[in-house]
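Enquirer: Please work from the sequences and hints to get the whole structure.
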Amino acid sequence: MKANRFLRAVAVTAAAALTTGLGTVVVDSAAAVTKSTVTLLSTGDITSLNSSTSSGNTTYNSTVGSLTGMGFAYYNSDAKLVMNTKFGTMKIVKKAPKDFQIKYTVRKGQVWSDGTPIDAVDLLLSHVVASDAYSKAAGLGDPKTVTPKFDSVSYGGTYGTHVVGLPVISADHYSLTVKFDKPLPDWELLAPGPSPVHALEMLADGKKALGTAAANKAAKAQFLKDFTGKVRTRLTKMGNVWTNSYNVNAVTAATSPLLLVSNGGFIIKSFTYGDKMTLVRNPKYTSGPAMATTNPIKTVVIKVIKDNTAAVQALRNGDIDIYYNTLPTSADKASLSAMTNVTTLTKTGGNYSHLDLRVDTANGKSDDYTGVFAGNSQKARDLRKAFLLAVPRVEMVQTLIAPIQSTAKPLDSALAFQGTPEYNTIVKSSGVGVYSAGDQAARTAQALALVKKYKPTASADNQVYTVRLIHADSSTRRRLTALIALEVAKAGFNLVETNAATFFEDELNASSDYDVTMYGFGLNSLSQSNGTEIYKSDGGNNVWGWNDSTVDALAASLQGDILTPAQITAKRLAMEKRIVYNAWGLTLYANPTITAYTKTLKNVKPAPVGANTTWNFFEWHY
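Under this note's numbering, think of the first position of the sequence shown as -7, with each following residue one higher.
Honestly, I wouldn't trust all of these hints.
Below, in silico cross-link-like pairs of lysine to aspartate or glutamate (EDC-like), each with a Cα-Cα straight-line distance of 16 Å or less [what the hints assert, rightly or not]:
| hint | residue 1 | residue 2 |
| --- | --- | --- |
| 1 | K569 | D553 |
| 2 | K217 | D197 |
| 3 | K174 | D553 |
| 4 | K72 | D178 |
| 5 | K95 | D197 |
| 6 | K209 | D197 |
| 7 | K295 | D311 |
| 8 | K100 | D164 |
| 9 | K171 | D70 |
| 10 | K27 | D453 |
| 11 | K136 | D374 |
| 12 | K72 | E180 |
| 13 | K447 | D352 |
| 14 | K90 | D164 |
| 15 | K482 | D553 |
| 16 | K569 | D540 |
| 17 | K136 | D544 |
| 18 | K597 | D70 |
| 19 | K401 | D431 |
| 20 | K339 | D164 |
| 21 | K174 | D91 |
| 22 | K295 | D267 |
| 23 | K569 | E414 |
| 24 | K371 | E387 |
| 25 | K268 | D299 |
| 26 | K298 | D465 |
| 27 | K90 | D553 |
| 28 | K87 | D553 |
| 29 | K445 | D374 |
| 30 | K87 | E180 |
| 31 | K86 | D134 |
| 32 | K95 | E180 |
| 33 | K229 | E180 |
| 34 | K83 | D134 |
| 35 | K482 | D453 |
| 36 | K290 | D553 |
| 37 | K87 | D173 |
Note that these hints are calculated values from the structure, not bench results.
Expert: Here you go:
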């Protein structure tokens, strides 16, 4: 599952996710299971220590980032944004029509896990990885046309669109003032995330060992000089580190501790790809809410178990303490509910599954797409619509989702939450009803008729178009794909499936060898602009080459204009109408998420937004 895709549209927290930990000791699995250790499930691989690159932006990676990095704000259990004053403060210092300024102040006294003071210089990298103008001006690449040296998912968002010039750092280096070209909605979500720039600078210079206090200070001063002067050669080296060096498949004694510097509650101690990651308490942690003091958690182990049955069995056996799955089966729920020593919670939140169709070359990529759905012609739209009409959403929900959550229904909006008045308004008028009207046989017949406009010989026995669908390797995704394949074949489409273990890091972002993707989004923000950035033609999250000038204008307004609730709904409706018209994709269902945990563990709570198990780690205790 992709993480933070929507958050990246409005928040410059990208760099915070790469703050990890220090030291390397392999912990014996038997010894790890103690009353001070929490072992939690990851249903997918941890692939990077930086969840802000195009390949590293997954839920599984951001779970680590929540443990190892803290910034200006977070959502509480009531989905309310809480200012993290332990890290710092932010306030509007000027509010003029063309001059909107926010001052971010880092609380003095905090240090990184290697003892280096945290200050506003550590916030500046967020500007580098979120400002299209800066990337272009510094010779790091125009994100609209190429993959920049910092391959960030934050380009094209609200921050980069509206920021003016360079942030101004205070004389004491603890405050940063950022100017925007207009007052902005959800400005609290634009806060820059901290990065250990001294460590990145040293890595860019080829160093591997931790530096002295003097060396760290000098490295931070060097970064400030590089940033202010837009020193392309040095920033290019840092970009390579930021983009590539955190993509590790192991943390061992040979791993540079510079890659593991953290300001979060925990620091990485060991990691083996496909198996587990072990993190231990950061003794220098003061950047967020205080940890529980009663029977506190000292060690967190993230265990990768992709097989659903094996994951449930692991909880039953006590091999894991927290089970968290956004793609459970009905059998999983039944087994979990039968465990007397386990608390099981089912929740539908901001995570949903969807199908997305390729249209053109993705923003900033060079891979040309020329497949069956390519282009904006009537033929391309017809074929995309035909494919989506033949997708048996109702059967998919009834077969795989309703047994887990009896009230589950197909999801008809990507921009509004199910069950809200806004959702009802959008669904009523967006045109999405064409994908629910009548029964599936009638919709598939409509699909076949559209295909026959271009291939008259098409039939249930003659598949005239081959469609390549890719998804992450998951039993639920495979079952969904099987249902899709059977039905779209009746409309003349031959569905070829690829379920890839390296879906997020390779296939989705680096390959052009697909026509359709299926995965889940984690909605990690409740902002006015949530969900809009992905559809912008220049959005850093747009990997399908979608492009529509009307959608671009609507997304820009939702990201950058202060609107009334009625105006927000109207613009979201207009945007969804264009998405339906273009037949870019189809939302499937809101994921029924199961959180199950051993009853001896306290304060484990489903994520208020998104799909992050570790969002409230500081409250956990036995």
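Enquirer: Now tell me if each hint is right for this structure.
Expert: Verification of the supplied hints:
About 20 Å separates the Cα atoms of K569 and D553, which puts this hinted pair outside 16 Å; it is violated. With a CA separation close to 15 Å, the supplied pair K217 and D197 stays within the 16 Å bound. About 8 Å separates the Cα atoms of K174 and D553, which keeps this hinted pair within 16 Å; it holds. In summary, the hint linking K72 to D178 is supported, as the alpha carbons are separated by about 13 Å, within the 16 Å threshold.
The suggested pairing of K95 with D197 is violated, with an alpha-carbon distance near 31 Å, which exceeds 16 Å. For the hint linking K209 to D197, the alpha-carbon distance of about 15 Å falls within 16 Å, and the restraint holds. Taking the CA atoms of K295 and D311, the gap is near 9 Å; set against the 16 Å cutoff, the hint holds. Pair hint K100 plus D164 holds up; C-alpha atoms about 10 Å apart against a cutoff of 16 Å.
With a C-alpha separation of about 31 Å, the suggested pair K171 and D70 falls outside the 16 Å cut-off, and the hint is violated. Annotation: proposed proximity of K27 to D453 is violated, straight-line Cα distance about 60 Å (limit 16 Å). Simply put, K136 and D374 have alpha-carbon atoms about 28 Å apart, too far for the 16 Å limit, and the pair is violated. Using a Cα cut-off of 16 Å, the hinted pair K72 and E180 holds, with the two alpha carbons roughly 12 Å apart.
For the suggested pair K447 and D352, the alpha carbons sit about 22 Å apart, so the restraint of at most 16 Å is broken. This hinted pair does not check out: K90 and D164 have alpha carbons roughly 28 Å apart, beyond 16 Å. This hinted pair does not check out: K482 and D553 have alpha carbons roughly 46 Å apart, beyond 16 Å. Taking the CA atoms of K569 and D540, the gap is about 12 Å. The hint holds against a cut of 16 Å.
For the hint pairing K136 with D544, the CA-to-CA distance comes to about 14 Å; that is within 16 Å, so the pair holds. Proximity of K597 to D70 is assessed by CA-CA distance (about 11 Å); at most 16 Å being required, the pair is judged to hold. At most 16 Å may separate the alpha-carbon atoms for a hinted pair to count; K401 and D431 meet this at roughly 15 Å. Of the pairs offered as hints, the one joining K339 and D164 is violated, with about 46 Å between alpha carbons and a cut-off of 16 Å exceeded.
With a CA separation close to 6 Å, the supplied pair K174 and D91 stays within the 16 Å bound. The suggested pairing of K295 with D267 holds, with an alpha-carbon distance near 6 Å, which does not exceed 16 Å. Between the alpha carbons of K569 and E414 the distance comes to roughly 14 Å, so the proposed pair stays at or under 16 Å and holds. The hinted pair formed by K371 and E387 fails the criterion: a straight-line CA distance of about 28 Å is larger than 16 Å.
For a cut-off of 16 Å, the pair hint linking K268 to D299 stands: about 15 Å separates their Cα positions. A threshold of 16 Å between alpha carbons decides the hint, and for K298 with D465 the separation of about 8 Å falls inside it, so the pair holds. Proximity of K90 to D553 is assessed by CA-CA distance (about 12 Å); at most 16 Å being required, the pair is judged to hold. For the hint pairing K87 with D553, the CA-to-CA distance comes to about 14 Å; that is within 16 Å, so the pair holds.
The hinted pair formed by K445 and D374 meets the criterion: a straight-line CA distance of about 9 Å does not exceed 16 Å. Between the alpha carbons of K87 and E180 the distance comes to roughly 14 Å, so the proposed pair stays at or under 16 Å and holds. Of the pairs offered as hints, the one joining K86 and D134 is violated, with about 30 Å between alpha carbons and a cut-off of 16 Å exceeded. Distance check on the hinted pair: K95 and E180 sit about 11 Å apart at the alpha-carbon level, within 16 Å; holds.
About 31 Å separates the Cα atoms of K229 and E180, which puts this hinted pair outside 16 Å; it is violated. Our distance criterion of 16 Å between C-alpha atoms is broken by K83 and D134, whose separation comes to about 31 Å. With a C-alpha separation of about 7 Å, the suggested pairing of K482 with D453 holds against the 16 Å cut-off. Restraint check for K290 and D553: the C-alpha separation of about 45 Å exceeds 16 Å, so the hint is violated.
The suggested pairing of K87 with D173 holds, with an alpha-carbon distance near 10 Å, which does not exceed 16 Å.
The structure fails to meet hints 1, 5, 9, 10, 11, 13, 14, 15, 20, 24, 31, 33, 34 and 36 from the earlier list, while all remaining hints are met.
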